[in-house]
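First residue of the sequence shown: 1, per our numbering; consecutive thereafter.
Because the hints were derived from the structure by calculation, they are not lab data.
Keep in mind that the hints are not guaranteed to be accurate.
As the list claims (entries may be wrong) - As a list, the in silico DSS-like pairs of lysine-lysine whose alpha-carbon atoms are at most 25 Å apart:
| # | residue 1 | residue 2 |
| --- | --- | --- |
| 1 | K45 | K153 |
| 2 | K45 | K90 |
| 3 | K102 | K71 |
Unchecked claim - Taking CB as the label site, the calculated pair distances span:
| # | residue 1 | residue 2 | range |
| --- | --- | --- | --- |
| 4 | P374 | I306 | 42 to 48 Å |
| 5 | Y381 | A189 | 34 to 40 Å |
| 6 | I306 | S161 | 21 to 27 Å |
| 7 | R85 | L324 | 41 to 47 Å |
Think of the CB as a built atom: it goes at the ideal place given N, C-alpha and C, for glycine as much as any other residue.
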Amino acid sequence: MRRRNRAALLLAALSLFGLAPARTKRAPTHPSAPVPEAPAAGTEKRLVEYAGLYLPWDPDGKITVQKATLKLPGFSSWRVQRTGRYESLKAEAVVFVSNDGKWFFEGDSFRNPSPMPLRSEADLAWIGARYTKLVGARARMHFVPERDTAGLKGIAIVLESGFGSVAIPGLVTPDGSIYLAGSLWDFQADPRAERRRRIDLTAQRVSGPADAAVTIVEYADMECQYCRFRGRQLDKLLAANNGIASVRRHYKFFPLWFTHAWAMKAASAGDCLFRLSGAPAFFRFKELVYGRQDNLSVSAIDELAITSAEGEGAARSDFLGCYLRDESFDRVRKDMDEGYRLGVNSTPTYFVDGTQIAWTEDKIMEDFLRTKFPRLKTIVYEK
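Please build the complete structure, drawing on both the sequences and the hints.
Below, the structure is given as structure tokens:
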């Protein structure tokens, strides 16, 4: 149910590819033994409630649903529309609900023009070809059996980013006819709670009190100008409400490697600064990068990273023993994989206690935080 105001088609095509997490094993739904479809009235009522919690927050959001005609074995399709206060948050898309009422899918999909039953990884070549054409990188595909859910086969498409391989996960029907670029969600659970379970907060790239009432998780790219724009606005909003808004803010790496030349290097530098000198050093580096963002290059980020590390008291040898090493990129990719599982499709993306905030209008974040902190003060939003 993605908003159609995506910053770039390439970003949308890649970053919607979420991964259904490993779950308690369930009896598979075989195409030859279809599960009886849940009563439409019950599904429709639940879908209105679920979509209202799943979609990015709008203070006056209104959900309408109706049956759709798209076919996916074991699922019913529904057209969901959402209107509200903000024009930029209007949404319309087709979603799927499993016939047993357990699973929800929202995201992109495409069909195989020449489907054949999946017998080996060679039968996934048509998916890899789409990715290779899209990003110009060699694609390798493999099955991920532990991700099989609701009669769908879990797979991963592995692309070479230039800084190690990036696994783009997804799901495909056993007959090889449909590829789903997104994650299955527990339709009986609160999607906000499921997001909180999927988000790992142990990395501690964090600011704000440990006992804060509200947790903000930010997925961002240091080469992204909009991340700089909204990130600084959030800094200003929280500073203006010190003592009013009790917020703990976690930063997650989500570099857009396929369009931003030095984003992965900046993420590795930030990771190493954090490990060697702590969270305050990382946040100072991030702000330094934002300040020089318009003039940085693939080579200039190296010099900035090294001088920043030395300025924070880290030995050059220690920093170079971490910077651009596999272990550092592994930690960066862990954040990226988590973002894929959450359906992150643009930067910056914010989750506030599990509610997604699509910060397309200046006061959206402020409006939501005011539901938590009624005395929250406004700020001047500079363009």
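Hint-by-hint comparison with the structure:
For the proposed pair K45 and K153, the alpha carbon gap of about 29 Å is over 25 Å, so the pair is violated. Proposed proximity of K45 and K90 is supported: the alpha carbons are some 20 Å apart, at most 25 Å. Restraint check for K102 and K71: satisfied, since their Cα atoms lie roughly 18 Å apart, inside the 25 Å limit. Checked against the given bound of 42 to 48 Å, the beta carbons of P374 and I306, roughly 46 Å apart, stay inside it.
Range check, Y381 to A189: Cβ separation about 35 Å, and the 34 to 40 Å hint holds. Against the hinted window of 21 to 27 Å, the Cβ-Cβ separation of I306 and S161 comes to about 22 Å, which satisfies the hint. Range check, R85 to L324: Cβ separation about 45 Å, and the 41 to 47 Å hint holds.
The structure is inconsistent with hint 1 alone, although it conforms to all the rest.
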